[in-house]
Amino acid sequence: MAEAACLLEARNITKLFPGVKALDGVNFSVRAGEVHALLGENGAGKSTLAKCFIGIHQPTSGEILLEGKAMEFVGTRAALSAGISMIHQELSPVLSRPIMENIWLGREPLNKLGLVDHKKMYEDTQKLLATIDMQDNPKTLMSELTVAKIQMIEIAKAVSYDSKLIIMDEPTSSLMDREVEQLFRIIRELTAKGIGIIYVSHKMAEIFKISDRFTVLRDGAYIGTRNTNESKLEDIINMMVGRDLKEMYSKSDHQKGEPLLEVSDLSSGKVFSGVSFTARRGEILGFAGLMGAGRTEVMETIFGSRRKTQGKIRINGESVQIKHTRDAIKRGIAMLTEDRRRTGIFPVLSVKDNMIYARLPHYLNKLGLLRLGQMDKDCAHYKERVDVRTPSLRQQIQFLSGGNQQKVLVAKWLLIQPDILILDEPTRGIDVGAKAEIYKLMENLAREGKCILMVSSELPEILGMSDRIVVMHEGRVTGILENTPDMSEEQIMAYATKAAGAQPGKDTPNVKESADDGN
Amino acid sequence: MATNMEGTRHQAAAIVKKYGIILVLLLMVIGLSIFQPAFRSTANIINILNHTAIFGIMAVGLTFVIISGGIDLSVGSVLAFSGVIMGAMSQTAMASTPIWEAIGPFPFIIALAACLAVGSSCGAVSGSLIAQTRIPPFIATLGMMTVARGLALIVTGGRPVSQLDPGFSAIGSRIMNNTIPVPVIIYLVVIALAWILLNNTKFGKSVYALGSNRAAAEISGINVKATLIKVYMLAGFLAGLAAIVFSARTLSAHPGAGTGYELTAIAATTIGGTSHSGGIGTMWGAVVGALVLAVLRNGLTLIGIHAHWQGVIEGAIIVVAVVIDMRKNQVKK
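Heads up: the protein sequence lines correspond to chains A and B, in order. Be aware that the first sequence starts at 1, since it is given in the working numbering, and climbs by one per residue. Be aware that the second sequence starts at 1001, since it is given in the working numbering, and climbs by one per residue.
Some hints could be false.
Partner residues aside, some chain B positions facing chain A, computed with beta carbon under 8 Å [what the hints assert, rightly or not]: (1) T1201; (2) Y1208; (3) A1209; (4) E1218; (5) I1219; (6) I1222; (7) T1250.
Everything labelled a hint here was simulated from the structure, so no lab data went into it. The structure presented is a predicted model; accordingly, all values stated were derived computationally and were not measured. Idealized CB from N, CA, C, for every residue including glycine.
In isolation and in its complexed conformation, chain B is listed as follows (with noise of 0.2 Å):
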């Protein structure tokens, strides 16, 4: 009979499966390595994983937030706000028309634990607001997104703010006989303690219990309001971290910076398998699914094709990713 084939061709399928966006990621470096030579340089490889930052950082975030069974709209906005005030915070003296002109320039690491403190407080309220109202965090985080950025051009009135504390460059900066970027650095940190949090501590637990199934969580003793608010708190915090290395690597602060990362950042969570119904996901996921779409841009980029082709592919490729990924859950009849 074909039992025995069927058996394999099952085997082949749930390989492909499981393992099907890593697979993906390896054949895109290895065609790009054979016939784009450019790619496979040190420097370009360095190049795209200084591109991977800082939305790969977002999808850190966004990560939690998903596998709890939400979404979070607003950190490309976020982005911009706790930036702005960052950047206003640090303007130097020498600065022509600096945004608060009467107090400042403060201290440069008080700069920086505000632009935390604001994304997280961002995402506090989202958060709370979720909670406590139960609405959905669609709709919570579409408005935080409009007034985030509304706030981030009242504070600035629309202008780029620049001439910032010498201690961005340094955070922009490349380190080990000027090689390896800073902004590296920082996401492999974040990723390391994210991995951590989401697998090692009662959070990271709590947030699969509660994307999962939110009335059982509650009859397991979970928090599950604390829980929400702590999830949508983290992303507005490393929303705060993406525009410490945002600033870092443009040198100023923009209100209309970041404007569709929060896209992008889903984007690259989704492609990571992270389940849109909640409960399912991986860091690993976030990581590789932010690698698979810088590297597509890069390669794309590299092979010659046109800018506005690139948001076609990537966007194919996102739709395809969610198609696997419920074949993957869908429950066996």
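So here's chain A without its partners, still in its complex pose (with noise of 0.2 Å):
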């Protein structure tokens, strides 16, 4: 039914871009006043649905109301005009220069001349920070602000366009507890005045507290829209997931070999300490902890990416020395990155060059040139194997979708026939699709004798995959703990957060370790 102040209303929206379908039939709208959680795993298209909104994306298909008017943006300041603001996830503020600058960044004030009224623009600014409870000099430079201001700088931004609507990307991840009481309480006070709110996240706590309806997305399709206090946790989720979980995590019980890969007390400086851990030929070893705890850390010295300041590392029983990348590869070690875009994929290169990398040394003959023949070969080989979908192995690897970029660099790592392949957040950012072949080729990895460590911080993740689960908190293993069906995420988090009385890391692991291989 039409609400009387709807002030946004998006009908089936449908984005295609090539050989994706973004979204699909999305319907979506926002109230005066509201608050509106929009809801979806990575991939389900929920920022692909702001950006429409925002002017930098155009829906292929269906159409946008703003108070009853179709809109069309062509650009963010089309939608800035209009009144439709976002706060992006990463924020980019002009560090250098203050407060001020930044608010009226390309349409400060001028005086009767034609120059920067200096005066107005600060005294503009005080009136505008008042409004929303912050008292800083608006001549304070943006570099001395912590993320939670600088946050707030770009909500007062948004207020000072005369915002009917603010999106909100995942406002909270960077945030401290009490500044995210202080967010909600902005919130309430910009929906009190009649401003609506867009609110992604992925915290469902959150979710309940602030937002009064939410919308569902999976795979770019439309699942819902519900009252948020008339909803249950578990609906959310299986509104989210649609599916049952464990039909996407395809663990088989196949037998584990021989202990492959065994660390002991390995320290990094003061990022982490006495990491103790044996990893067995077909078997997954997830890492879980909180954001921080150093499990990236862990594996990135394992691959010889940061320096190793104490401790062993041994491959089938014999001592290691890994210095640098180089040093892993040749024993057989890879490594697919958290990141991505910053220390996967290079972005301008073709899918096929994408591949050789880390195997190049292998192409020379010896003149010392490359064999481009054999490289054409595998590339092609691989490409069938982990089902990477691209026009052409000459595409740039750019325009593929995260989920076939990850592809292609697990295509990579395959290539170098790896024994050891440490995984670090292998579904970041990539589709369910993806993300279940991704979880299928690790199985079958696991089968064919290949031990795999796989940090990642989803713990259905972590639950669904691994055989055993190395737990990390503050740079030290609290637990080494067998995934038997009984296993709960709290069960984790306690171990994760060290609520559990754990006993303190060093020696926790060593005593499990022991009996592990006792087995």
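Both chains come to you apart, so use the hints to assemble them.
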């Protein structure tokens, strides 16, 4: 039914990208003064939808009505002047300039001579900040502010545009609890003035606290809209995941082999210390923990991209020195890094070239020239094996979807025929379909006798895929747990936050380790 | 609907984007051939190639540098510095006021080798600075540009170096019934070897990786620092080779030689589609880019356009080439 004050209404929005249907007939509406949460897994289409509202993307079909009028935004400026603004997850302030210049960037108040009127800018900023309870001096440099304050400045900026609708993309991802409270207070003040908020977040507790209604997207499709206070957590998760989670994971029980990788008392400066574990052939070892627990850093140290200050690494019983990634690769270790854009892909290079680099030395012939034919053959083979969907191996990788980029990187590491695969957040930011394929692939690799170390922040993934789970907290291993069917997220979290009264890190794993090895 | 027309337009645009520069070169050659008969004479064509050789060789080196995500402003000065060292070493006994009276003359071949070694060393210094300290290549090579020019002036006292070994006139001569200049042969050989180096070796592939994503290159096991140093050494080596060709043509060495050549070489590389954001570029692009500049200069002279205007036109073409290049590499939304 049509509410009296329906601020924004999106009807039947479809958005096609080359080879991908990012949104498929999505309906969405925001009322004045409402906080409407937008939910879904990574790759569900939340940010694509948000970007349609602020003119970064244009829907392929469907219509967007703002206060009953059909809108077609091309560019964020058009959306801004119509009253829609967005606080992005990754903020991009001009750090070297003061607060006031950041807020009025591109629309500075001018005096009669056409020069910037700094006095007016200062006063306007002061008034504006007061409306959101900030007392900072408008001349303070952005670089001196905390992330939370920078976010508040972004909100102030949105208010300064007289926005009727503010989209917040994961606004609390880098905030402390106290700061979240402040954010929520400001959100309530904004909604009291009739401003509508679209709130994109993964954090369920927040959704229940702040939102009036929520809409769930899955794989680009519209699943439904509900009132928050009439819904339960399980309902929301069911709507988001849709299928039985267990179906996605393809873990099977096969025989584990000999211990392949033995790490003992590994340390790297103050980042982590005394880390010990053993991984067997055919085993998937999950690494759980909170952000900053040191899991990625342990992997980097094993892979030689971070300096080891103490400890031993043994492969097949043989003590190895790994000083550079080259050494690790020679020893048959592969590492899929967590940040695909920063340390994974070569964006402007072809799919083929993205596959070959780790194996490059193997393609040299006696003259020191590369055997290009063999390279082509191998790439074609592995493209099939991991099922990369690309029009051609010569396509630049940046034009592929996240899931396909990830598969190319998996192929790159399979190409070196590794014994040990380190997968750091292997399914981050890829769609559900590609996720399931990656899980399947992991399982097949484990069955072939490869040893997989998987770092993941998604507990269902840890529970669904791991044979054993190494839990870390503040740079130390707090537990190595057998992944029995009755293992729960709560149990893991207890070790990850050390609330379980687990023994001090250093001893616990050793005790458990020896028990495991005795099996 | 208009989709069909739009499709055709898209296709046309794609072709222009992909082959833009070679189309420009073809149009220029065809146009000049029709309207300026003097242009299509064999003598003129060979003349153009001969003029292309020096900055063309430097553009080959710059192609590696720019694909790696860097820039080298020093190659013009390095040409002068390595050139005067070679000149000083190979002045004949007849020279009235030799630079290095006490020592030399050295055997011709040693002087040539020294020239290439000096060029490579200058590159090695820039490259090491860039690799170890991570200062921007622009700054490191700007420093090298000033230092090398200064050293060239110190060595010569600011005077040109003449009365060189007769071997230089052999390098500057023409073979095959006095038609093909040796510098052109050298240029072609450099292109062929560089083409193989860029496409068929670990080094070449590493240069692309480095330019596209340095952190990912590290993770892939590529020796990033060594590759960077080699890239600038190669540019320096080719600047030294260009110095040999320069001295062969002028039968002298000059501390002011090569001034501004680095910019011409960068322009040629850029026109040829090598992207300054790194990771993108081809060897044939460097060649076509150099030819575009050479044909343009020759054509404008034949048409009778004043030299002062030639610079204006050249500059405009460089900027347009970069605009086209950036559009080509933009991520489609």
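Verification of the supplied hints:
Residue-level restraint check for T1201 (chain B) holds (minimum Cβ-Cβ distance to chain A is 6 Å; threshold 8 Å). Below 8 Å, beta-carbon pairs count as interface contacts, and Y1208 (chain B) has one with chain A at about 6 Å; its hint therefore holds. Hint status for A1209 (chain B): holds, given a least beta-carbon distance of 6 Å to chain A, under 8 Å. A distance limit of 8 Å between C-beta atoms decides the matter here; for E1218 (chain B) the minimum to chain A is near 6 Å, and the interface restraint holds.
Because the closest C-beta pair between I1219 (chain B) and chain A is about 5 Å apart, less than 8 Å, the hint holds. The closest approach between the C-beta of I1222 (chain B) and any C-beta of chain A is roughly 6 Å, which is under the 8 Å cut-off, so the hint is satisfied. Taking 8 Å as the C-beta cut-off, the interface hint given for T1250 (chain B) is violated, the closest approach to chain A being about 36 Å.
Checked against the numbered hints given earlier, this structure breaks only hint 7.
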